[in-house]
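Keeping the supplied structure of chain R fixed, place chain D upon it in accordance with the hints.
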Amino acid sequence: MGFPILKKEVLNDRFYLLEVHAPHVLKKFKHGQFVMILSKKGGEIIPLTVFNYDKTKGSVTLLVEVRGKSTKELLVRFGEGDELKDVVGPVGISPNLKNVGKVLLVGYNYGNACVYNLGRGLKELGNEIHFIAGFEDSGSSLSGGLFADIAVDIKVAFGGIKKVKEEVRDFVDINKDTALIVSAGIPEFEKEIEEVADVFEVDHLTHASAIMIDPIGLSGSDKVFLDGDVKYASLDGPWFDGHKLDYDALIQRNNIFVEYEKEALRRFEEELEKERKKSARKKRI
Amino acid sequence: MAKIVYRRHDRNEMPLMPPEKRKKTFDEYALGFPVNVAIDEAYRCILCKKAPCIPVCPAELDIPKWIEQIQKENMVEAYRIIRDKSPFGAVCGRVCPQERQCESNCVLMFKDNGLSVAIGALERFAADTVRISGLPFEEEKAPETGKKVAVLGAGPAGLSAAYFLAKRGHKVVIYEALAESGGVMRYGIPPARLDRKALDFEIELIEKLGVEIKTDHVVGQTITYGDLKDEYDAIFIGVGSGRGKTIGVPGEGLIGVYTAIEFLTRINLYEAFKFPEEADTPIPRGKKVVVVGGGFTAVDCLITSLRLDNETHLVYRRTRETSSARDEEWDHVAEEGAILHWLTQPVEIIGNEKGEVVGIKCIKMELVPDEKGGRPRPKPVPNSEHIIECDIVVQAVGQGPNPLAYQDIPNLKIDKWQNLSTVDSRYRTNVEGVFAGGDVVNGGDTVVRAIRHGRDAAEAIDEYLKTGKWEYEEE
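Going down the list, the protein sequences come from chains R and D.
Residue numbering for the first sequence follows the working numbering, starting at 451 and increasing by one per position.
Residue numbering for the second sequence follows the working numbering, starting at 111 and increasing by one per position.
Chain R with its partners taken away, still in its complex shape (with noise of 0.2 Å):
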């Protein structure tokens, strides 16, 4: 028993969308939490934010990001009409928002997705909303109008981290009534977002993509630092108070697994590579 892909829209070589049928993550859903899923058994569990759903169609859309061997598995084997072994949600906390008057959504990315999840809560609120979607290059980039309902404008950008980074300081500058910004992407990214948002004296809310293996914080390998505070993404975040957020100590928990898996991904490409000698071959037969 598990839960149907009804849809399956590949974006671009980084980036496809998956519509999938929970609708139990949904009777409580607030904006900016997420879900955990699992494809099938011995697959790896990962949390990917709610970036759309349908509470008619019982259905939660996921933006993912080709990163490893689960995110690209997902999308070259699974399709619509397959089933992922596991949804579980909703995981996190949604972080209490108020009316603040001007926001800056800044994402980076899959993060990109997180903050649009949070920015509709924040809409609803009666909020300004501005968007930076940030990429890392042009081939890659996302259509601003993916994100575009819930902004007053949108901006893409792309070229890295520090192009990125300079379009939200040009923002904050000609924009000094801005009340907050929220990022997320990867830890680097935001660090450097919280430098604008220190230097320029701006609430930050920021989002913390922590390794998880469980929804509850049963395992403490989610665990993250805020000064001098340990916290569980899963239980107390995501959404962190980007002042206070121990980059550093995320950057190096997130690495501790990325030789394992460069290797799994490694071996997955040779798995499809193999496959597509066999079927030229079986095709000039």
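Accuracy of the hints is not assured; some may be wrong.
Just so you have them, the derived chain D footprint on chain R, three or more residues with Cβ under 8 Å [to be verified]: (1) 462-469; (2) 604-615; (3) 667-679; (4) 701-708; (5) 713-720.
Derived from the structure by calculation, the hints contain no laboratory data.
Using N, Cα and C, we set each Cβ at its ideal position, and we do this for glycine too.
Structure of chain D alone, referenced to chain R:
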């Protein structure tokens, strides 16, 4: 009547895989009794009328009654008698510390240094025989009462409560946050000690009674107390006390430091030992690992680490004799190559410039008598600091609470550890209709004790559903 023969000394021992072989596989290393051995062992039991083994079993199984059935080669009946008191005979036969429970008080031990009947091995035998035989195993249940009970947590306490409630005719739905049912029996105890087929079989028997298990449901998030209260006539909280504690020394944030729960969950729940071929969750292999702790969880971490081809050390601040794990288990891991450092206390985890663990600094301890008459206390030996080089530190030093599932229950009395030791003798909390049992009540104990809590709570819940009476006993 025939004269009773006391076979005090010819106890049949559990056959084990040899250490060299077993440390290379996650398959179960205790192989179980063959039929002839089991029957022979069963005949060592003299079937005491007032059996001293029963009161020292936390689940108070009718031990001689089912052993008699094994003598008669009626394994189905033996298993049925076990299940009158516990739905987890196959599990408990494997993981109970029997030498401190039933096997500590066998009549055969009362004279001439006699050896106890191998009760654990026989319990496992009865359950496994029924499973492997494939014979249909039906259990009776009372007619449907129309009452509904929500059980929070599909671990030993919750599953046990669900089983006894379903047998009484109540409809039970279990909510479990993880992707699989079983709780600590799944994510904690390694398959080398508990064959997953045995666990799955006993959970399936519970489901066969009509119990529905909803995995992927985080109580407090997916569904809240408010929803449950409206939909169910009673609630049983059996969410355990599962949050890995840390040792509390500098260096805990370094790369390579794990809680026991993370280390074990990766391997047991997500099958990281099959990485990268058949599983996608990684776990380091071929490293130097130091496990900190002296209980069952520490042993489970050692067993697991050895099988990942790690050089594996244990540090514990007390002695082997004063540890809470079984003597036999220390022997087993030592045979497999674990290096055991007794009377050794970690004081700091040391890292390199990249933030990776490179060693653990420890001091030697000595045991001094406790003035208050408790367990002897460990005391540091001056100038005994030393470093054990390692890449990984696994902290198996106990569990903390995880109140997510019950923190939104209005006015619920929670103790200072955020657990529910506030329940009364019938497992009632101070909130009408809400019961609790297992580790969430006692903070961390054995599987069998959680099973007992579940059973007793089911009885109290049944009574509440029938009478509607709620008399929470204030302390």
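TODO: Against the earlier hints, flag every one the structure doesn't satisfy and list their numbers going up.
DONE: 1, 2
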